[in-house]
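S.K.: Use these hints to put chain B onto chain A, whose structure you have.
Protein chains: 2
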Amino acid sequence: MKLATLRNGSRDGQLVVVNRELTQAVAVPDIALTMQTALDNWQVIAPQLTEVYNQLNRGNYTDSFAFDQSQCESPLPRAFQWADGSAYVNHVELVRKARGAEIPESFWTDPLMYQGGSDDFIGPHEDIILPSDEWGIDFEAEVAVITDDVPMGISAEHAGSHIKLLMLVNDVSLRGLIPGELAKGFGFFQSKPASAFSPVAVTPDELSDHWQDNKVHLPLLSEYNENPFGKPQAGEDMTFDFAQLIAHAAKSRNLGAGAIIGSGTVSNKQGTEYGSAISEGGVGYSCIAEVRMIETIRDGQASTPFMRFGDKIKIHMQDLQGQCIFGTIEQSVKQL
Amino acid sequence: MKLATLRNGSRDGQLVVVNRELTQAVAVPDIALTMQTALDNWQVIAPQLTEVYNQLNRGNYTDSFAFDQSQCESPLPRAFQWADGSAYVNHVELVRKARGAEIPESFWTDPLMYQGGSDDFIGPHEDIILPSDEWGIDFEAEVAVITDDVPMGISAEHAGSHIKLLMLVNDVSLRGLIPGELAKGFGFFQSKPASAFSPVAVTPDELSDHWQDNKVHLPLLSEYNENPFGKPQAGEDMTFDFAQLIAHAAKSRNLGAGAIIGSGTVSNKQGTEYGSAISEGGVGYSCIAEVRMIETIRDGQASTPFMRFGDKIKIHMQDLQGQCIFGTIEQSVKQL
Numbered sequence: 019m020k021l022a023t024l025r026n027g028s029r030d031g032q033l034v035v036v037n038r039e040l041t042q043a044v045a046v047p048d049i050a051l052t053m054q055t056a057l058d059n060w061q062v063i064a065p066q067l068t069e070v071y072n073q074l075n076r077g078n079y080t081d082s083f084a085f086d087q088s089q090c091e092s093p094l095p096r097a098f099q100w101a102d103g104s105a106y107v108n109h110v111e112l113v114r115k116a117r118g119a120e121i122p123e124s125f126w127t128d129p130l131m132y133q134g135g136s137d138d139f140i141g142p143h144e145d146i147i148l149p150s151d152e153w154g155i156d157f158e159a160e161v162a163v164i165t166d167d168v169p170m171g172i173s174a175e176h177a178g179s180h181i182k183l184l185m186l187v188n189d190v191s192l193r194g195l196i197p198g199e200l201a202k203g204f205g206f207f208q209s210k211p212a213s214a215f216s217p218v219a220v221t222p223d224e225l226s227d228h229w230q231d232n233k234v235h236l237p238l239l240s241e242y243n244e245n246p247f248g249k250p251q252a253g254e255d256m257t258f259d260f261a262q263l264i265a266h267a268a269k270s271r272n273l274g275a276g277a278i279i280g281s282g283t284v285s286n287k288q289g290t291e292y293g294s295a296i297s298e299g300g301v302g303y304s305c306i307a308e309v310r311m312i313e314t315i316r317d318g319q320a321s322t323p324f325m326r327f328g329d330k331i332k333i334h335m336q337d338l339q340g341q342c343i344f345g346t347i348e349q350s351v352k353q354l
Numbered sequence: 019m020k021l022a023t024l025r026n027g028s029r030d031g032q033l034v035v036v037n038r039e040l041t042q043a044v045a046v047p048d049i050a051l052t053m054q055t056a057l058d059n060w061q062v063i064a065p066q067l068t069e070v071y072n073q074l075n076r077g078n079y080t081d082s083f084a085f086d087q088s089q090c091e092s093p094l095p096r097a098f099q100w101a102d103g104s105a106y107v108n109h110v111e112l113v114r115k116a117r118g119a120e121i122p123e124s125f126w127t128d129p130l131m132y133q134g135g136s137d138d139f140i141g142p143h144e145d146i147i148l149p150s151d152e153w154g155i156d157f158e159a160e161v162a163v164i165t166d167d168v169p170m171g172i173s174a175e176h177a178g179s180h181i182k183l184l185m186l187v188n189d190v191s192l193r194g195l196i197p198g199e200l201a202k203g204f205g206f207f208q209s210k211p212a213s214a215f216s217p218v219a220v221t222p223d224e225l226s227d228h229w230q231d232n233k234v235h236l237p238l239l240s241e242y243n244e245n246p247f248g249k250p251q252a253g254e255d256m257t258f259d260f261a262q263l264i265a266h267a268a269k270s271r272n273l274g275a276g277a278i279i280g281s282g283t284v285s286n287k288q289g290t291e292y293g294s295a296i297s298e299g300g301v302g303y304s305c306i307a308e309v310r311m312i313e314t315i316r317d318g319q320a321s322t323p324f325m326r327f328g329d330k331i332k333i334h335m336q337d338l339q340g341q342c343i344f345g346t347i348e349q350s351v352k353q354l
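Read top to bottom, the protein sequences are chains A and B. Take the first sequence: its position 62, counted from the start at 1, is 80 in the numbering used here, and no numbers get skipped. Take the second sequence: its position 72, counted from the start at 1, is 90 in the numbering used here, and no numbers get skipped.
The following block holds chain A by itself, in its conformation from the complex (with noise of 0.2 Å):
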C-alpha cells in the first residue's frame, strides 16, 4: 500500500491512497482524514486503506484524480517522534577519520541516535529555506519507518512487527553549526533544521523482497544539482537493523503510533579505503559531508563546498524495474 499526504491548508494535510505507479490518487474521509489519524487506529484502519489501494491499483475508482506530487506535504507533516540513528558506522567513521581520531569499539554495538524536533517537516517538493548560506548546508539522504505503538524495552526481535510504513528522508544539516553545539554537549539542535520525506509513505511488502532483514536491499539514488551524486546500497554497510534501532530508541520510553526512526546517512564502504564517487566508478555518497571528509583524508583538505542559495538535491529509489517506489525529494535551498 501506497499513502501520501496532499496539502489542503490545514497543519496535517489530507491522507491519499497513491496507485502503486504513483499516477492515481484518491481521498478517504471516510475512513481517515490524516496520515496520523490512520496511524492512531492502524489495526483496524489498516486493512479499509489496503482494499482502496488494492481497488485504486485494479482502475476501480471513478472519483480518483491525477497525483502530483508537487502537492504533496511530507506524510507526516508534523510528527510526535522523530529520532535518526547514524545506523551506517561507515560514515560515523569517516567523520571520525577525516579529524584523525578513532571511533569507539563501542560503535559497533551500540546505536548513536539522536532525538530530532518534529513539529514543521518541509514537503518532498518545498524549498530548504534558511537565513543563512555559510552554515555549512548540507543534505542526508536516508530512509526511515514510521511504527505503530513501541512498549518500553521492546527487544529488537519483536521490534521488527511494529514497522507499518517506509519512506525517503533528506535529513538537512548544517554541518557549520554542528562542532560548536557537539562541543556544548547537549546534541544537535540548531544544526539540525526541519527535515523533509519522500511523498509516499509505502507498506513494506512493497519492497518484496527488497525488505528483508528489517533493511532495504535497494540503491538509494541522490542527485545534486542534477548530476547523479550517490547510489550505495541501503541494504549493505547497515550496521544496525530498523528493528535494533527501534529497540534503541525504546529503551527508557514508550514510542506512540507514527514514531518515525531514521537509518542515518546511507553509506557503503564501497572497494578503497576511501570510498569514491559515482564518476571515479564508485557508489558515490550521500551528503556532501562525506566526499569533504573523504577530500580531507586523500588531500588534506576539503574542496567541494556545502550547499549555496540555489542548489538542488533530489533523492529517490528505484525497484529493478526503474519503477520509482516512494516519489521523488526534490528541493532547492532558498534564502528566508
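Keep in mind that a hint or two might mislead.
Identical chains blur together in the list; that is why a pair holds if it fits in one copy or across any two.
Think about it this way: if two alpha-carbon atoms lie no more than 27 Å apart in a straight line, the pair counts; the simulated DSS-like pairs of lysine-lysine are [what the hints assert, rightly or not]:
#	residue 1	residue 2
1	Lys115	Lys202
2	Lys269	Lys202
3	Lys202	Lys233
4	Lys115	Lys182
5	Lys233	Lys332
6	Lys269	Lys352
7	Lys287	Lys269
8	Lys287	Lys182
9	Lys233	Lys269
10	Lys202	Lys287
11	Lys202	Lys332
12	Lys332	Lys269
13	Lys269	Lys330
14	Lys287	Lys330
15	Lys352	Lys287
16	Lys115	Lys269
17	Lys287	Lys332
18	Lys352	Lys182
19	Lys352	Lys330
20	Lys287	Lys233
21	Lys182	Lys202
22	Lys115	Lys352
23	Lys233	Lys182
24	Lys330	Lys202
It is worth saying that the hints were derived from the structure and are not from the lab.
M.R.: Below, chain B alone, put in the same frame as chain A:
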C-alpha cells in the same frame, strides 16, 4: 485562564477550562476538543475559552463539575515539539564543578538546549515507570511555556509575545545513562525518558505581577518523599529568559503551534558558594543531582541516592496567598 486535559480514552484527551481555584471544570466541545486544536487556532479560540473561564469563575455554569487533578493528562498528552533549555547556569556550573571542570565563558551568553521526545508524556499524577532503578532516576523541577507559531529567525525582543501558556514540568532524567550518552556526542536520548507536566496550563496574566521580563517570579516547590526539598525563586538566576530560549530554538527552524519550551532545572546560587538545603536554611534544590554535586564538592563524594522504586516527588507553585496555581505534579517511581 486555566486549561487542562482530562483522560477520556483518546490519545489527546479532552480539553477543559478550569476555574482559578482549581475546584471546578467545564468541557468545551463546541469550542475545541483538544488542547492542540485550541493552540492550532489560538487567536480565534482563546477569546472563546476566556469567556468560558470568566463565566466559570462567576459560577455561571450549570454543567461544570468538580475538577479532579488525578484524572488529568499532561496539558498536551503528546506534543509536536519539546525543547528544554538549561537557563539556570548555576545548575550547569555545579555539574561541571563537581567533576573539576570550569564552564566555558560562552555558557553565559549562548543557551544550552536539548531536543526532547514528546510522543508519550506521562500524566501529572501518573507513575514514573522504568525498567530499572539502577539508572540513576532523578526528577527535575522546571517551568515551561507553550507557544503559538513562531517564525524562524525571530529575535528575543519579539519572541515573548508568542508565549501563550505556562506549565510546570518534571523532566525525568536517568543520571546513570547520561555520561555514556553524552560521550557519544549525539546528546540525550535514552537518558531523558518521558516527562510529566502540571495538571493545569495557565495564561501568563494568571501570574499578574509575578510574570515579568518573560520569567516567573515565584518559588518553585519540590517535595521529595513528603519532605520539603526545594523552593528556589524561578525568577532569580535565570540567565536566559523564555523569550531568549524561544529565539534560540527558532534560529534555524519554525516552531509549530503548541511547541513546549522548558527552562531547565530551576536553581538559585544562594548566599553560600555551594548552595544549601532547606534543612540548612537555604532554598534547596530542584533535582537530586544538584545535592549530589554539592556533596561531591564539599565531601569528596555524593551520599544522597537517586530515586528508587517507591520514591515520591511532588512539584507545585503557589502565589503569595498560598493558592496553588498549576495544580500539583505528584508521582511515584514504579517498576515496569
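S.K.: Evaluate each hint against the coordinates.
M.R.: These are the hints, each one checked on the structure:
Taking the shortest Cα distances, Lys115 and Lys202 sit within 27 Å of each other both inside one copy (21 Å) and across copies (15 Å). Taking the shortest Cα distances, Lys269 and Lys202 sit within 27 Å of each other both inside one copy (25 Å) and across copies (17 Å). For the identical chains of this complex, Lys202 and Lys233 are inter-copy neighbours only, at 24 Å across copies versus 34 Å inside a copy, given an alpha-carbon limit of 27 Å. Within a single copy, Lys115 and Lys182 get their C-alpha atoms no closer than 36 Å, and across copies no closer than 47 Å, so neither meets the 27 Å cut-off.
With identical chains, the CA atoms of Lys233 and Lys332 are at most 27 Å apart within one copy only, with a shortest distance of 22 Å there and 45 Å across copies. For the homomeric pair Lys269 and Lys352, the shortest alpha-carbon distance between copies (16 Å) is at most 27 Å, but the shortest distance inside one copy (39 Å) is not. Proximity of Lys287 and Lys269 under a CA criterion of 27 Å is satisfied in neither setting, with 29 Å inside one chain copy and 35 Å between copies. In this homomeric assembly, Lys287 and Lys182 never come within 27 Å of each other (Cα to Cα): the closest approach is 29 Å inside a single copy and 50 Å across copies.
Proximity of Lys233 to Lys269 under the C-alpha cut-off of 27 Å is restricted to the intra-copy arrangement: shortest distance 21 Å within a copy versus 35 Å between copies. Taking the closest pair of Cα atoms, Lys202 and Lys287 come within 27 Å of each other only across two copies (22 Å); inside a single copy the shortest separation is 31 Å, beyond that limit. Taking the shortest alpha-carbon separations for Lys202 and Lys332, neither the intra-copy value of 33 Å nor the inter-copy value of 31 Å comes in at or below 27 Å. Within a single copy, Lys332 and Lys269 get their C-alpha atoms only as close as 34 Å, which misses the 27 Å cut-off; across copies the closest is 26 Å, which meets it.
Taking identical chains as interchangeable, the C-alpha atoms of Lys269 and Lys330 lie at most 27 Å apart only when they sit on different chains, with a minimum of 23 Å there against 38 Å within one chain. In this assembly of identical chains, the alpha carbons of Lys287 and Lys330 lie at most 27 Å apart only when taken from the same copy (26 Å versus 50 Å across copies). Within a single copy, Lys352 and Lys287 get their C-alpha atoms no closer than 33 Å, and across copies no closer than 45 Å, so neither meets the 27 Å cut-off. When the C-alpha separation of Lys115 and Lys269 is checked against a cutoff of 27 Å, the pair qualifies neither within a copy, at 30 Å, nor between copies, at 30 Å.
Taking the shortest alpha-carbon separations for Lys287 and Lys332, only the intra-copy value of 22 Å comes in at or below 27 Å, while the best inter-copy value is 52 Å. For the identical chains of this complex, Lys352 and Lys182 are neighbours neither inside a copy (33 Å) nor across copies (31 Å), given an alpha-carbon limit of 27 Å. Taking the shortest Cα distances, Lys352 and Lys330 sit within 27 Å of each other inside one copy (10 Å), while across copies they are farther apart (51 Å). Taking the shortest alpha-carbon separations for Lys287 and Lys233, only the intra-copy value of 17 Å comes in at or below 27 Å, while the best inter-copy value is 51 Å.
In this assembly of identical chains, Lys182 and Lys202 lie within 27 Å of each other by CA distance neither inside one copy nor across copies; the values are 36 Å within and 29 Å between. Proximity of Lys115 to Lys352 under the C-alpha cut-off of 27 Å is found in neither arrangement, the shortest distances being 32 Å within a copy and 44 Å between copies. For the identical chains of this complex, Lys233 and Lys182 are intra-copy neighbours only, at 13 Å inside a copy versus 43 Å across copies, given an alpha-carbon limit of 27 Å. With identical chains, the CA atoms of Lys330 and Lys202 are never at most 27 Å apart, being 32 Å at best within one copy and 32 Å at best between copies.
Of the numbered hints listed earlier, those contradicted by the structure are 4, 7, 8, 11, 15, 16, 18, 21, 22 and 24.
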